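S.K.: Line order of the protein sequences matches chains A and B. Per full-length UniProt numbering, the very first residue in the first sequence carries number 1; after that it's consecutive. Per full-length UniProt numbering, the very first residue in the second sequence carries number 1; after that it's consecutive.
In short, the hints are calculated from the structure, not lab data. Since the model is a prediction, treat every value here as computed from it, not as a measurement. Treat the hints with care, as some may be off.
[Unchecked claim] Each pair of labels, with its calculated beta carbon distance range:
#1 A:PRO120 - B:GLU31: 33 to 41 Å
#2 A:ARG109 - B:ALA111: 17 to 25 Å
#3 B:ALA87 - A:ARG60: 25 to 33 Å
#4 A:LEU86 - B:LEU7: 39 to 47 Å
#5 B:ILE88 - A:GLU65: 24 to 32 Å
#6 B:GLU31 - A:ARG69: 42 to 50 Å
#7 B:ASP74 - A:GLY93: 27 to 35 Å
#8 B:GLY99 - A:GLY67: 41 to 49 Å
#9 B:ARG117 - A:GLY119: 33 to 41 Å
#10 A:ASN66 - B:ILE116: 34 to 42 Å
#11 A:GLU4 - B:ILE116: 44 to 52 Å
For each residue, glycine too, the CB sits at the ideal point set by N, CA and C.
In case you want the letters, here they are:
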Amino acid sequence: MTGEREVVITSSADVVAVRQLVRSVAIEVGLSLVDQTKIVTAASELARNALVYAGGGDVRILVVENGHRRGLKLIVTDDGPGIPDLELALTDGWTTGNGLGLGLSGSRRLVDEFDLLSGPGKGTTVTVTKWAR
Amino acid sequence: MQRVPVLKLGDVLIVSIQIDLEDQSVLALQEDLADAVVDHGARGVIIDITAVEIVDSFIGRMLATIAGMCRMLDAQTVVVGMRPAVAITLVELGLSLGGVRTALNLEKGVALLDHIRSATP
Ligand SMILES: Nc1ncnc2c1ncn2[C@@H]1O[C@H](COP(=O)(O)OP(=O)(O)OP(=O)(O)O)[C@@H](O)[C@H]1O
Ligand SMILES: [Mg+2]
Chain A
1 MTGEREVVIT SSADVVAVRQ LVRSVAIEVG LSLVDQTKIV TAASELARNA
51 LVYAGGGDVR ILVVENGHRR GLKLIVTDDG PGIPDLELAL TDGWTTGNGL
101 GLGLSGSRRL VDEFDLLSGP GKGTTVTVTK WAR
Chain B
1 MQRVPVLKLG DVLIVSIQID LEDQSVLALQ EDLADAVVDH GARGVIIDIT
51 AVEIVDSFIG RMLATIAGMC RMLDAQTVVV GMRPAVAITL VELGLSLGGV
101 RTALNLEKGV ALLDHIRSAT P
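Let the hints inform the model, and build the full structure from the sequences given.
M.R.: Here it is in structure tokens:
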């Protein structure tokens with residue numbers, strides 16, 4: 001029930017595995033269907049970013065508690081090039097690839113807590129939490 | 001990688017996504033559909049996402065790309081069966097899918113295609 005789950009991302013099939021695992025933990029934690037969909041979508045964006053921009057990474061999925069509330073925490077880490085300007089990276093529509101530039105900014109809107117830690121040569125870690133209501 | 005089958009019904013192509021889409025499958029579907037539209041001279045494409053549990057920016061972009069590509073190949077696209085939770089999430093993610101026509105279900109999608117075609121002969 002508690003205990004941590006981990007998926008190593010090296011291919012787009014692993015991104016699908018992350019979505020499936022996040023879905024099952026979100027159900028276990030008691031998130032509503034809409035909130036399950038939001039956290040799975042955010043997980044998909046963050047895992048894909050690690051794959052595309054860093055060549056791979058690692059996703060940890062944790063059940064967290066705050067008083068009587070339970071939540072799902074995701075920690076997505078990679079050892080890639082990092083992001084030089086965090087403000088810019090969190091702007092809707094900003095992309096260095098050929099995406100829509102919505103992965104980071106959109107994920108931030110889909111979750112309750114969002115933390116982005118990155119810098120040139122330091123890799124990237126994104127931590128997000130969604131609480132059951 | 002799993003491939004999504006493209007079915008032909010008269011001059012309409014029907015794609016019903018029944019798998020958890022990985023990015024490679026999404027790209028393959030775009031290509032398969034473009035080929036199928038040209039090979040069959042299709043005038044309409046229906047993409048059924050009833051079974052799709054999430055649409056992220058990659059899958060959303062595919063839907064927009066397919067709609068744009070089909071329009072250039074003289075076919076109209078309708079996406080049917082979007083789940084309410086998916087619609088709410090898409091809007092919050094920031095994807096409005098402005099250029100993509102939608103209908104609630106397959107039957108309404110077919111009716112919409114008929115309507116579009118009677119309006120633009
Ligand atoms: N893990 C990462 N490592 C290095 N750079 C990253 C990482 N994640 C995001 N970035 C940078 O931040 C930019 C914005 O990311 P975001 O996910 O918002 O958009 P995108 O991936 O370009 O497009 P989309 O996700 O909408 O398809 C990226 O183009 C990339 O330059
Ligand atoms: Mg992205």
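S.K.: A separate judgement is required for each hint: does it hold in the structure or not?
M.R.: Each hint tested on the structure:
The given range of 33 to 41 Å is respected by A:PRO120 and B:GLU31, whose C-beta atoms sit roughly 36 Å from each other. At roughly 34 Å, the beta carbons of A:ARG109 and B:ALA111 sit outside the given window of 17 to 25 Å. In this structure the supplied range 25 to 33 Å holds for B:ALA87 paired with A:ARG60, their Cβ-Cβ distance being about 30 Å. The beta-carbon spacing between A:LEU86 and B:LEU7, approximately 46 Å, falls within the hinted interval of 39 to 47 Å.
Between B:ILE88 and A:GLU65 the CB atoms are about 26 Å apart, so this pair conforms to the stated range of 24 to 32 Å. For the pair B:GLU31 and A:ARG69, the beta carbons lie near 46 Å from each other, so the given range of 42 to 50 Å is met. For the hinted restraint 27 to 35 Å between B:ASP74 and A:GLY93, the CB-CB distance of approximately 30 Å keeps it satisfied. At roughly 46 Å, the beta-carbon separation of B:GLY99 and A:GLY67 lies within the given 41 to 49 Å, and the hint holds.
Range check, B:ARG117 to A:GLY119: about 55 Å between beta-carbon atoms, so the 33 to 41 Å window is missed. A beta carbon spacing of about 51 Å between A:ASN66 and B:ILE116 contradicts the range 34 to 42 Å that was offered as a hint. Under the hint 44 to 52 Å, the C-beta atoms of A:GLU4 and B:ILE116, about 51 Å apart, fit the expected range.
Consistency note: the structure conflicts with the earlier hints numbered 2, 9, 10.
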